[in-house]
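2 protein chains.
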Amino acid sequence: MATKPVKLLGFWDSPYVNRVQFALNLKSIDHEFIEENILSKSELLLRSNPVQKKIPVLIHGDEPICESLHIVQYIDEVWTDGPSILPSHPRDRAMSRFWAAYIDEKWLPLLWEVYEAKEEDSRTTLLEKVREGLVLLEAAFVKCSKGKAFFGGDSIGYLDIALGGCLGWLKGIEKLASVKLLDETKTPALLGWAETFCSNEAAKNVVPEPEKLNKCLKEFQAQAAAATK
Amino acid sequence: MATKPVKLLGFWDSPYVNRVQFALNLKSIDHEFIEENILSKSELLLRSNPVQKKIPVLIHGDEPICESLHIVQYIDEVWTDGPSILPSHPRDRAMSRFWAAYIDEKWLPLLWEVYEAKEEDSRTTLLEKVREGLVLLEAAFVKCSKGKAFFGGDSIGYLDIALGGCLGWLKGIEKLASVKLLDETKTPALLGWAETFCSNEAAKNVVPEPEKLNKCLKEFQAQAAAATK
Chain A
801 MATKPVKLLG
811 FWDSPYVNRV
821 QFALNLKSID
831 HEFIEENILS
841 KSELLLRSNP
851 VQKKIPVLIH
861 GDEPICESLH
871 IVQYIDEVWT
881 DGPSILPSHP
891 RDRAMSRFWA
901 AYIDEKWLPL
911 LWEVYEAKEE
921 DSRTTLLEKV
931 REGLVLLEAA
941 FVKCSKGKAF
951 FGGDSIGYLD
961 IALGGCLGWL
971 KGIEKLASVK
981 LLDETKTPAL
991 LGWAETFCSN
1001 EAAKNVVPEP
1011 EKLNKCLKEF
1021 QAQAAAATK
Chain B
801 MATKPVKLLG
811 FWDSPYVNRV
821 QFALNLKSID
831 HEFIEENILS
841 KSELLLRSNP
851 VQKKIPVLIH
861 GDEPICESLH
871 IVQYIDEVWT
881 DGPSILPSHP
891 RDRAMSRFWA
901 AYIDEKWLPL
911 LWEVYEAKEE
921 DSRTTLLEKV
931 REGLVLLEAA
941 FVKCSKGKAF
951 FGGDSIGYLD
961 IALGGCLGWL
971 KGIEKLASVK
981 LLDETKTPAL
991 LGWAETFCSN
1001 EAAKNVVPEP
1011 EKLNKCLKEF
1021 QAQAAAATK
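If you're matching them up, the sequences are chains A and B in order. Going by my numbering, the residue at position 161 of the first sequence is 961; the numbering climbs one at a time, nothing skipped. Going by my numbering, the residue at position 54 of the second sequence is 854; the numbering climbs one at a time, nothing skipped.
Hints are computed from structural coordinates only; laboratory data are not their basis. All C-beta atoms in this analysis are idealised placements derived from N, C-alpha and C, irrespective of residue type, glycine included. Take these hints with a grain of salt, some might be off.
Claimed, not checked - Computed list of chain B residues with no C-beta within reach of chain A, every gap over 12 Å:
no. : residue
1   : Asp813
2   : Asp876
3   : Leu886
4   : Lys1004
Stated by the list, open to error - Quick list of simulated restraints, FRET-style, between CB atoms:
no. : chain 1 : residue 1 : chain 2 : residue 2 : range
5   : B       : Ala1027   : A       : Asp830    : 53 to 63 Å
6   : B       : Gln1021   : A       : Glu1019   : 43 to 53 Å
7   : B       : Ser955    : A       : Lys1012   : 44 to 54 Å
All chains should be modelled from the sequences, with the hints used to inform the complete structure.
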């Protein structure tokens, strides 16, 4: 099963796509990356994910798998000879899933809202909420990592991948707004984790560069605005 | 591990709590059900789920597990001697997770919006969206069940539990608005599935009765409105 061709439909600046890239790298899975145009989605994408019409989609043989965290779990379940991504204990798996859902439902949407914010006041309020979320995630890191380098212990796990996918945008916003969101005072453990994560082989050519990301997102917003006029 | 005491913090009318009840019943797990008051949450709930402050919470020994679908997966992973809830094939697991996420993110919120709708026009529009979602879920059922009784095949699985949790509210709305949402024309397979599911031992004393549910939700809305005045 694991020898069928693997394609990833995505875009390099997407936190969700980055997650899948980390998982593929961790498991050393050869794959073809097919770059999508979000403003003009390919037939292959629309056929592969007709309900949500979103990237990422992993196509394994002729089987499309959709949604980043489901894809990460799928990869972990199929390529069992690589390093484990999900923790082995059900309690730890439930905790990882809980915090990953927190990131997707509550925290990551704030980052996009910061990019979309038109006024300084609303951006400041949003940045405060982003920081509050990071303080919660700092506590989760301390609890999950038990003094080791990653949420997953000695190696990158599910929650590292879930939060690691957001590091491009987080760094992009730090650059854009000239602020520090991860710092020595309130989130010292996460600050160290982010450095370690970004220098890991699985991540270092995946996490987008802040300047390139911000330029791309700005162009995207301009194109999207022009398309809806 | 599986012999530690099990407590479920919840409320009988919640789709999310009902899911956990189905899973506990399927695995024949003895447990204590602790009824919560949503307008005045217990210390135990706030301590067990300090981030989301939501039911359901499963407390296994002294370990709280939060969020319905994570709890269902936890139960499946811990009580491995009972019938399996998640499908065995990674592709089928990914498909179950995809549709369960669709239900939670897109479709189930519509049901609550119907209950909250103040005007006939907006209720009609919402009911149409509910029906459109059911048509998608009908196609998913045909694909997943492969001609058998449940999404999970011959026995109740993860997606049966995810959608089955919503049947109380679905029937409640059918009663409230005097409409049929599951019918012989557009969703014949799901109509049969719902009957089979509700008469299963794991579900039959769990799915709320429409009249009792609607009375309770009406009282809850009145109390919530009074509390915010």
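Now for the hints, and whether the structure bears them out:
1. Asp813: holds, 23 Å
2. Asp876: The claim is violated: B:Asp876 sits with its nearest Cβ about 9 Å from chain A, within 12 Å.
3. Leu886: violated, 10 Å
4. Lys1004: holds, 28 Å
5. B:Ala1027 to A:Asp830: 53 to 63 Å: Check passed, 58 Å falls within 53 to 63 Å.
6. B:Gln1021 to A:Glu1019: 43 to 53 Å: With a Cβ separation near 46 Å, B:Gln1021 and A:Glu1019 satisfy 43 to 53 Å, so the hint holds.
7. B:Ser955 to A:Lys1012: 44 to 54 Å: holds, 51 Å
Comparing the model with each earlier hint shows violations of hints 2, 3; every other hint is respected.
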